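Number of protein chains: 2
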Amino acid sequence: MSERRIVILTDGRTTPTGAKTASCVVRYKPKEVVALLDTTQPGKTAGELLGVGGSIPVVANLADAPGANTLLIGIAPSGGKLPAAWRKILLEAIDRGMNLVSGLHDFLSNDPEIAGAASKKGVEIYDVRKNNEKDVSNRLNLREDCLRIHTVGQDCSVGKMLASVELTIGLKKRGHDAKFIATGQTGIMIEGDGCPVDCVVSDFVNGAVEKLILANQHHDILLIEGQGSLSHPRYSAVTLGLLHGCVPHGMILVYEAGRKNVHGMDYIPLVPLKKIVEVNETMASLAMPSKVIGVAMNSRALSPEEAEAERERVGRELGLPVCDVIRHGPDVLIDAILAFRQKLFPHLKAKAG
Amino acid sequence: MSERRIVILTDGRTTPTGAKTASCVVRYKPKEVVALLDTTQPGKTAGELLGVGGSIPVVANLADAPGANTLLIGIAPSGGKLPAAWRKILLEAIDRGMNLVSGLHDFLSNDPEIAGAASKKGVEIYDVRKNNEKDVSNRLNLREDCLRIHTVGQDCSVGKMLASVELTIGLKKRGHDAKFIATGQTGIMIEGDGCPVDCVVSDFVNGAVEKLILANQHHDILLIEGQGSLSHPRYSAVTLGLLHGCVPHGMILVYEAGRKNVHGMDYIPLVPLKKIVEVNETMASLAMPSKVIGVAMNSRALSPEEAEAERERVGRELGLPVCDVIRHGPDVLIDAILAFRQKLFPHLKAKAG
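If you read the protein sequences in the order shown, they are chains A and B.
Residue numbering for the first sequence follows the working numbering, starting at 1 and increasing by one per position.
Residue numbering for the second sequence follows the working numbering, starting at 1 and increasing by one per position.
Calculated directly from the structure, the hints in this document are not laboratory data.
Don't take every hint at face value.
Where chains are identical, the list cannot tell them apart; a pair therefore holds if satisfied intra-copy or between any two copies.
[Claimed, not checked] As a list, the in silico EDC-like pairs of lysine to aspartate or glutamate whose alpha-carbon atoms are at most 16 Å apart:
| no. | residue 1 | residue 2 |
| --- | --- | --- |
| 1 | Lys-274 | Glu-310 |
| 2 | Lys-134 | Asp-106 |
| 3 | Lys-81 | Asp-135 |
| 4 | Lys-343 | Asp-95 |
| 5 | Lys-172 | Asp-11 |
| 6 | Lys-274 | Asp-193 |
| 7 | Lys-130 | Glu-278 |
| 8 | Lys-81 | Glu-133 |
| 9 | Lys-260 | Asp-335 |
| 10 | Lys-81 | Asp-106 |
Treat the numbers as computed from the prediction; the structure is a model and nothing was measured.
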C-alpha cells in the first residue's frame with residue numbers, strides 16, 4: 001500500500017491507559033500519524049493527552065484531517081469489542097475512501113455493513129487479529145545460538161511490548177542483529193509482522209508462536225513480546241502457550257510500580273513479583289532451563305525520587321538488574337542480556353558494546 | 001432429533017488409542033452405536049478391536065448398516081484435520097440421509113462440498129468443536145460449597161475424560177448430585193453438553209470454562225474434565241486456561257503407567273509425576289488454594305501383577321490414594337473426594353456412602 005497517513009480513533013478515551021494502541025503507534029510511528037480523532041477534546045495535542053506524539057493534533061471530525069488515507073482503531077478494550085457509537089465514524093471513514101486498521105476481536109471484515117461499504121468503496125480492511133493458525137508445535141529445529149528473550153509480566157498492560165521494542169532498538173544501536181517479535185495487535189501494527197496470539201485457537205497457540213520463532217531465527221537475538229501473566233485470571237492460557245511456544249533462554253520481568261490489583265479486576269490482588277519470577281522460571285523450565293535475568297519497571301505513576309527508591313528496593317528483593325526503559329533507558333537490561341548471551345554461548349565473539 | 005442410530009467412522013484406525021473418540025462413545029453410549037466403519041477389518045467386533053463395545057459389528061460399507069441415521073467421526077487426530085480419504089465416505093453418508101457428527105478442528109459445516117451436499121439433502125452437521133466464545137473470566141459468583149474437582153494429566157490421551165466420567169458415575173451411585181463437566185469433543189458427545197475448550201480463541205478459554213462452571217454449580221460436585229498437561233509442548237495453553245477457568249478445590253492426577261515420552265512426540269520425555277503434581281498445585285493456587293488429592297492410573301498396558309506393583313510404588317512416591325478406575329473401579333478416589341469435601345465444607349451433612 002502507498003504511504004499511510006493515519007487518523008487514530010480514540011474517541012472519548014484519549015488517555016495513556018485508555019488508548020494503549022494509540023499511544024504506542026504515536027510513539028513508534030509518529031511520522032505516519034496525522035491526527036487523533038476524539039470528539040470530546042478537539043484542539044488538544046497527542047503530547048498533552050498521551051504524553052507522547054508532541055504536536056499531533058486531536059480533531060473532532062474526519063473532515064479536519066483531509067489528507068488522511070487510513071483510520072486506525074486506537075484502543076484495545078477487554079474482550080476486544082467495537083464500541084457501538086464508533087460504527088458511524090467507521091462508515092464515514094470508508095465513505096471518505098480511507099482504509100481501516102483494527103486490532104479488535106470483532107473483525108470488521110466480518111461485519112456485513114462495514115465490509116459491504118468497504119467493498120463498494122474499494123477500500124481495504126486490515127483486521128490485525130484475524131488469523132487461521134492451525135499448526136501444532138513440534139519443538140524441533142530451533143537454532144541453538146539464536147538467543148530468545150521473552151518479556152513476562154505481573155499483569156496485562158504493564159509495558160511488555162514497550163520493553164521488548166526498546167530493548168530491540170537498544171541492541172540494534174549497539175550493532176546487534178536483534179528482532180522484535182510482535183505477539184499482539186499493537187506490536188504487529190508497529191512492526192509490520194508477528195502473530196496475534198490472543199486470537200489464535202487455543203490448541204494452536206504454542207504452534208503459532210513456534211512458527212514465528214522459526215521464521216525469525218536468522219536474527220541473532222529475538223525479543224519476544226509477552227502477553228498477560230501466568231497469574232492472570234483471564235489471560236493465563238495465552239501467556240503459557242506463548243511461553244512454551246517461544247521456549248526462551250531468558251526472561252525480562254515487566255511490572256507497573258504501585259499497581260496493587262489486576263488491571264480491570266480491582267477485587268483481585270496481584271501475585272507478588274517474587275512468586276511471578278518463580279512460576280515463570282518453573283513453567284519455562286518444563287521446556288528448557290530458563291531464568292529471569294532482569295526487571296523492566298514501569299514507573300510512570302512515580303516521582304523521580306520514588307522511582308529510584310522502588311528500583312533499589314526491587315533490585316534488592318529479586319537480586320536482579322532493574323530499570324524503567326523509558327525513564328532510565330534500557331542500557332542496564334541490555335548489558336544483562338549481552339552478559340547472559342556471552343555466558344550461554346561462549347563460542348560467539350563479543351561484539352562492540 | 002429422533003433417536004440416534006450411529007455408525008462410527010474409524011477407517012483403518014480401529015484401535016483403542018487410534019480411535020479414542022470411538023472407544024469412549026462405544027463405552028458410554030453402546031445402545032446408540034449400530035456399527036463401526038473400517039474398510040480394512042470388516043467382520044470383526046468392537047469388543048475385539050477396542051476392548052469395549054462387545055458384539056457391535058465392524059462393517060466395510062454404509063450399506064451394511066442400513067438402519068443407521070448418523071455418521072460420527074471416531075478419531076481425534078493431532079491438529080484435528082479430516083483424513084482426505086474420508087471425504088467420499090462422508091458424502092456417501094449424506095447421500096444416504098445420515099446426519100454427521102464431528103469433533104474435528106476442520107469444521108464440516110465450513111466445507112463447501114460437504115455443507116452443500118448436506119443442505120441439499122436436508123441432513124444436519126454437528127461440529128462439536130464449533131463455538132463462538134467471546135467472554136472473559138470474571139472470577140465472581142462461584143458457589144462456595146459446590147465442590148470442583150479437576151482431572152489433570154501428565155500428558156494428553158491418558159484417560160482424564162474416562163476418570164472424570166467414572167468418578168461422576170460412582171458419586172451418583174452413592175447418592176451424590178455430581179455432574180461431569182465435558183471440555184472436549186468426545187466428552188461433549190457423551191454428555192450432551194460442555195465446551196470444546198481447545199477450539200476456543202485463547203483470550204476466552206478461561207472465560208468459557210468459568211461460564212460452564214457457573215451454569216452447572218447447582219450440582220453439589222463437579223468433575224471437570226482436564227485437557228493436555230501443563231507440561232505439554234503443544235497444548236499447555238489449553239490446560240492452564242482450563243485450570244484457571246474452573247478454579248478447582250482439588251485435582252485428580254491422571255497418567256498412563258509405562259509411558260515414557262510425550263504422546264505423538266516420542267523425542268520429548270515426560271515430566272515426572274512429582275513435578276506434575278507440584279506445578280499443578282502451584283499454578284492452581286495462584287487462583288485459590290488447591291491440592292492434588294488422588295491419582296487415576298491408567299494401567300491398560302500392564303499385567304495385573306505389574307499394575308499392583310505400580311499402584312503401590314506411585315502411592316508411596318506421591319503419598320496419595322491411587323487406582324485404575326477401570327481395573328479397580330473408582331471407589332478409592334471417590335472416598336478421597338468425599339473425605340476432602342467433608343474437610344473443606346464441614347457444615348454439609350455427610351450423606352450415606
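Going through the hints against the structure:
1. Lys-274 x Glu-310: Answer is within; shortest intra-copy Cα gap is 15 Å, inter-copy 37 Å.
2. Lys-134 x Asp-106: between (20 Å within a copy, 9 Å between copies)
3. Lys-81 x Asp-135: This pair counts as between: shortest inter-copy Cα distance 10 Å, intra-copy 27 Å.
4. Lys-343 x Asp-95: Neither, since 57 Å and 65 Å both go past 16 Å.
5. Lys-172 x Asp-11: neither (36 Å within a copy, 55 Å between copies)
6. Lys-274 x Asp-193: neither (33 Å within a copy, 40 Å between copies)
7. Lys-130 x Glu-278: Neither, since 34 Å and 36 Å both go past 16 Å.
8. Lys-81 x Glu-133: Classified as between; 13 Å across copies, 21 Å inside a copy.
9. Lys-260 x Asp-335: neither (30 Å within a copy, 41 Å between copies)
10. Lys-81 x Asp-106: within (5 Å within a copy, 26 Å between copies)
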